[in-house]
Amino acid sequence: MSDATEIATPRASVFAGLRLTWTAVLAGSVLLFWLILALFGPWIAPHGEAEIISGTTFAPIGEGGLLGTDKLGRDVFSRLIYGVRTTLLLALITTVISFAFGVTLGFAAAILKGWFDIVVSRIVEAFMAFPSTLLALVVIGAFGTSITVLVLTVGLVLSTSVFRVSRALGYDIGVMDFVEAARARGEGTWWILTREILPNSMAPLIAEFGLRFTFSILFLSGLSFLGLGVQEPAADWGLMVQENVGGLFLGSSAALIPAACIASLTVSMNLLVDWFQQRQQGETVLEKIDQ
Amino acid sequence: MYRIILTRLAQGLLTLLLASIIIFGATEILPGDVAEAILGQSRTEEALATLREEMGLNRPAIVRYFDWLGGMLQGDLGTSLATKRPVADMIESRMWNTLRLALLAAAISVPLSLALGLWSAIRAGGRVDKTLAMTTLALIAVPEFFIGLILMKVFAVELKWLSASANTRPYFDFWQNFRALALPVATLSFAVIAHMMRMTRSSVINIFTSPYLEMAALKGLPKRRLVVRHALPNALSPILTVIALNLSYMVSGVIIVETVFGVPGLTRLLVDGVTLRDIPLIQACAMIFGAVYILLNLLADVLSIMANPRLRYPK
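Protein chains in written order, with the working numbering: chain A, 1 to 291; chain B, 1 to 315.
In short, the hints are calculated from the structure, not lab data.
Wrong hints could be hidden among the right ones.
Claimed, not checked - Partial chain B-side listing against chain A, Cβ under 8 Å, derived:
id, residue
1, Thr27
2, Ala141
3, Tyr212
4, Ser252
5, Thr259
6, Gly273
Unchecked claim - As a list, the in silico BS3-like pairs of lysine-lysine whose alpha-carbon atoms are at most 30 Å apart:
id, chain 1, residue 1, chain 2, residue 2
7, A, Lys71, B, Lys153
8, B, Lys160, A, Lys71
9, B, Lys84, B, Lys160
Unchecked claim - Simulated restraints, written as ranges between beta carbons of each label pair:
id, chain 1, residue 1, chain 2, residue 2, range
10, B, Ala82, A, Ile147, 23 to 29 Å
11, A, Ala181, B, Leu103, 53 to 59 Å
12, B, Ser210, A, Gly246, 50 to 56 Å
13, B, Ala88, A, Gly251, 38 to 44 Å
Glycine residues also receive a C-beta, built at the ideal position from the N, C-alpha and C atoms.
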């Protein structure tokens, strides 16, 4: 029987309980801003994603569109708004994929132990002994650039780190007294996994999700910047940087703006994860692994 | 000690072999083969069959794998599909550019980040430490191309102090080389320094807070002796690992930097290879980078074993 008595927390102190810092508030607001743009983008953007609005290419800020035009005379502002969707959505999908693989295999390895653990751990080690960008390049070189290949590759590459974290968590929590107690009273593996291990590993997993999400944005935008990620005419921030690099010498900021937007997204995410980890206090398993 | 080092070397070799299988495997499981890629849309069945025969593609994958691996070991990296030139020649002319970039960045970032890391570890919790922690936390998350483009915009486009193209010529004098290389080296260093500094800080703090150092301090040992004789030998192995980890991190950083500044280097070759789906070129480049990465990690492990006697005895 599970008799973890729940202590009711007063609702009023919810914000005080968060122990917000100014960096966390700032980072949260930036993320919220982009999220709202991603959700309502098409209603906000003055022009279409691939619509050419001006004959002048690389028009400076204020002329043509609100933020100027890009190398084909498209509205940078509109593409930026459409781009946040692509950027966030792809990062979310890849992170979810990496968690689906990583957490499942990691917990399975920690619970089943034995040969399963050895085999999976060795395979993951082999993949980790290899720079992840390189791995992604090889796979994309073999399969060509399509969104499916991109998302699956990056998702799988990221899952190696998720696997390590969840395996370590599974091992750490699996030997704790309350899990022993659950085993002793005859609970099954599934029950132990979902009712004992998973709830107790939530905080580090959330932090890991944030970190992988950040990494995924960086990874995907890096690939797009190399011309190997999202392809035209779709609007993606990494791709926008790549398209408009040439304009830098003509005084255009069409490449700098999306690059700054990516940075705002990833830096905010990183600060938020840091705040979350600090709030959890003390050393998390994540930090133990990193060392 | 030698036995442990030898075991580690053998492990490294095994990893290298696994890496080669991953690279070869990843480029093999695709539907269709190199012959189809060469002939493209206009292929006929006969042409396809002849080309496959010529290239030995009819043989089973295992045979081709060992053939490829054997060639690699003898310095035969195959022939590029796009240029029809030997891959080894193409790589040779590019290698120096990448190596120079990485070595210069390492020469700047390693001492700088170790010094900064030590500084903030000694002043842990102080204002310097907090500022550095916040700055590096943000820097880690900034994409390399953003740093590169900002530096380019400020120093090459606006101020015109430095060159935006890292394409150097043999007749360049010192100043011209400096102007060309300053920005890519700075960009690459930025990315690595943030990581390396944080890792140095945490591993040094780890040691400074360990009970044996507290004991030594309580014994009344002079601070100098405390740091040099007691802390440093134990700090050395994590620091070496930090350095190797970050140098291997450069492998991916350099890909972006070479693209931003148009460095005709090895990673540019790889990215072009991926764009053109030039499989032999991809395989060779990936194998070289993989080998460098694995060797650096191996070197860190071996050096740590030599620096720290505790690691010589397996648990």
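Verdict for alanine 88 of chain B, glycine 251 of chain A (Cβ pair) under range 38 to 44 Å: Because 43 Å falls inside the window, the suggested range holds.
Using the nearest Cβ pair, does threonine 27 of chain B come within less than 8 Å of chain A? Hint on threonine 27 of chain B: holds, closest Cβ of chain A at ~4 Å, below 8 Å.
Given hint serine 252 of chain B near chain A, where the shortest CB pair must fall under 8 Å: holds, 4 Å
Restraint satisfaction for threonine 259 of chain B [CB to CB of chain A, less than 8 Å]: holds, 6 Å
Kindly confirm whether 53 to 59 Å is satisfied by the beta carbon distance between alanine 181 of chain A and leucine 103 of chain B. holds, 57 Å
That 23 to 29 Å hint for alanine 82 of chain B and isoleucine 147 of chain A (C-beta), does it hold up? Given a distance of about 25 Å, which is inside 23 to 29 Å, the answer is holds.
Restraint check, 8 Å cut-off on beta carbons, for glycine 273 of chain B near chain A: Since the shortest Cβ distance to chain A is 6 Å, the answer is holds.
Within 30 Å, alpha carbon to alpha carbon, are lysine 71 of chain A and lysine 153 of chain B? holds, 17 Å
Between serine 210 of chain B and glycine 246 of chain A, does the beta-carbon spacing fit 50 to 56 Å? At roughly 54 Å between Cβ atoms, glycine 246 of chain A and serine 210 of chain B fall inside 50 to 56 Å, so the hint holds.
Does the interface hint hold: is tyrosine 212 of chain B within less than 8 Å of chain A, judged Cβ to Cβ? violated, 18 Å
Holds or violated: lysine 160 of chain B and lysine 71 of chain A, Cα atoms, limit 30 Å. This hinted pair holds, its Cα atoms lying about 23 Å apart.
Is lysine 84 of chain B within 30 Å of lysine 160 of chain B, Cα to Cα? Violated - the C-alpha atoms of lysine 160 of chain B and lysine 84 of chain B are around 40 Å apart, more than 30 Å.
Consistency with the previously given hints fails for numbers 3, 9, ordered from lowest to highest.
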